[in-house]
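Participant: Going line by line, the protein sequences match chains B and S.
Residue numbering for the first sequence follows the numbering used here, beginning at 1 and increasing consecutively.
Residue numbering for the second sequence follows the numbering used here, beginning at 1001 and increasing consecutively.
Just so you know, the hints here were simulated from the structure itself, not pulled from any lab data.
Watch out, some of these pointers could steer you wrong.
As the list claims (entries may be wrong) - Simulated pairs of lysine to aspartate or glutamate, EDC-like, Cα-Cα distance not exceeding 16 angstroms:
| hint | chain 1 | residue 1 | chain 2 | residue 2 |
| --- | --- | --- | --- | --- |
| 1 | B | K9 | B | E30 |
| 2 | S | K1013 | B | D77 |
| 3 | S | K1154 | S | E1081 |
| 4 | S | K1042 | S | D1073 |
| 5 | B | K55 | B | D35 |
| 6 | S | K1154 | B | E78 |
Stated by the list, open to error - With beta-carbon atoms standing in for the labels, derived distance ranges:
| hint | chain 1 | residue 1 | chain 2 | residue 2 | range |
| --- | --- | --- | --- | --- | --- |
| 7 | B | R7 | S | H1077 | 19 to 27 angstroms |
| 8 | B | T47 | S | A1137 | 48 to 56 angstroms |
| 9 | B | R90 | S | A1137 | 37 to 45 angstroms |
The C-beta atom is built at its ideal place from N, Cα and C for all residues, glycine as well.
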Amino acid sequence: MNFEQPRAKDGRAPDVFTPGGWTPMRQYAESEPVDFLIVGAGAGGATLACKLAEKDFSVVVLDAGPFWRPLDDFASDELAQQTLYWTDDRITGGEDPIAL
Amino acid sequence: MDTPYRGYDVLAKWDTVSFDDRTREELTRRLRDVPQRRFLTKEEFELLTAIVERLAPVFCESARRAIAHWIDDRLFHNLGEGFRYAGEPPMRESWRKGLAAMDGEARRLFAVSFTMLDVSREDATLRAIQKGAVDAALWRGLRPSLFFSHTLLKTIAGLAYAQPSAWSDIGFGGPASPRGYVRLGFNQRDPWEAKEFR
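Looking at chain S on its own, in the form it has when it is part of the complex (with noise of 0.2 angstroms):
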């Protein structure tokens, strides 16, 4: 990713007192266990795969993989986010409802899979769907926009910033604790902070 940080990498603060063993060891865990697909059917993950590749394509490939995994293993526990829109399904259902549909709308507007579907029909069917320009049928029930925006965009971008490798890109600290940081004013920073270069 083009960066004005660049030379930065906040993992190179590991064994300093910007991180103690708890986030240590949270964010080993995270980097190193990646969990197996256990809700979604191959269909559903192949197709929620392709969707991150077009949605998240600044980061890097071994980040952008891990997030299809992330939301398989969030749908699994069912952990949701706490509240949901009155009218929507619960969490479980709106995901293979909301997948579903996007695959229909590909299918309408090209005829064949989103996973068939080079960058720039993946793009078009993207942007219909996020407008609602769509097949409501398609949906049942479910809005294709408020789906696209709050539900698919909003969880896609929470964790793939949950990495440090897009911490990096964007000149992000990394842990508020232990260390912290003390030069708060403008144009002031830490010398354990991210340089920007302009």
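This is chain B alone, in the form it adopts within the complex (with noise of 0.2 angstroms):
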């Protein structure tokens, strides 16, 4: 799986409770208003925009990883979760810096 790839289009995204499975997603032209942009589709995020949807509002949500397929993609190990963290440099400083 090329992870750079998105997956989450055609109006479609991966349903994450099938390995492989589709659920269809709704879509917007770049011009077009929607009540809601939501950036970040972490825990707070995603459950945002997925209540939001639930009540007919419509949301965009950006980013910046992949989309995950848990089922499919996941494996139940500390060292291949790593995949999962956000690897580019934030820098830490001040009088305690703290390892992020």
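Reconstruct the complex from the two isolated chains, following the hints.
Facilitator: Laid out in structure tokens, this is it:
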């Protein structure tokens, strides 16, 4: 699987509950106004987007990472799960810098 | 390794519901396809190997040998951990400078390369670096104790425990999914968990 290639496109997104499955996805043209634009499909953003869409709002979500299929992509293993993390450098500083 | 979990082998559960296909695939690849050296020079790699041998001596030989290869592979792909401390160079530069400085400390203290030292002199060199008792000029802006603890030790420990043989040594149950664990209270254990003999 090439995770650089978008999976959610052509009106469908991966169905995370079914290996290899798909679920319909609404799409909007770039010029089309929508009710909500959510940046980041993490635990907060993805849940909020889902709730809003279920209430019939138009929602667009932007995310920098791959659209994972947990059942197909995830090994139950600490090192393998590193692929989930943001690996570009963020700088931590100040008097008491924390490991991010 | 001396372990209270004697007789326990996490991979004995390989064909049970403790592992799923995806996890089996991942571990098979990890144990079978140890990557070839592609980033570090031969000299840097030999130095790193000698350092790993000394910092991770309790792990079995095949496990120790993979660690330097995996570090080289991370450097080749420039795959960091997502942050660095202000004032520290990027990952590749850190490792290059850090390894060169470690060899420089060995030469400063004992007039030979780290790879030529006996165990007690290796330890003396590593201790000096850990404490920051170094010749600052050799480190070219890198903080020696930070490189030692944050970069070197943490990376080596993380990779050492990516290996099932190390899981068996510490009684780690392996994958949390799909079977997982249900008896979570004090002094409870699931029958598929490691048994501790004290």
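Participant: Each hint: holds or not?
Facilitator: Each hint, compared with the structure:
1. B:K9 - B:E30: Cα-Cα ~14 angstroms, so holds.
2. S:K1013 - B:D77: Judged against 16 angstroms, a Cα distance of about 15 angstroms means the pair holds.
3. S:K1154 - S:E1081: holds, 11 angstroms
4. S:K1042 - S:D1073: At roughly 14 angstroms apart (the allowed maximum being 16 angstroms), S:D1073 and S:K1042 satisfy the hint.
5. B:K55 - B:D35: holds, 11 angstroms
6. S:K1154 - B:E78: Judged against 16 angstroms, a Cα distance of about 14 angstroms means the pair holds.
7. B:R7 - S:H1077: 19 to 27 angstroms: holds, 22 angstroms
8. B:T47 - S:A1137: 48 to 56 angstroms: holds, 53 angstroms
9. B:R90 - S:A1137: 37 to 45 angstroms: At roughly 30 angstroms between Cβ atoms, S:A1137 and B:R90 fall outside 37 to 45 angstroms, so the hint is violated.
The structure fails to meet hint 9 from the earlier list, while all remaining hints are met.
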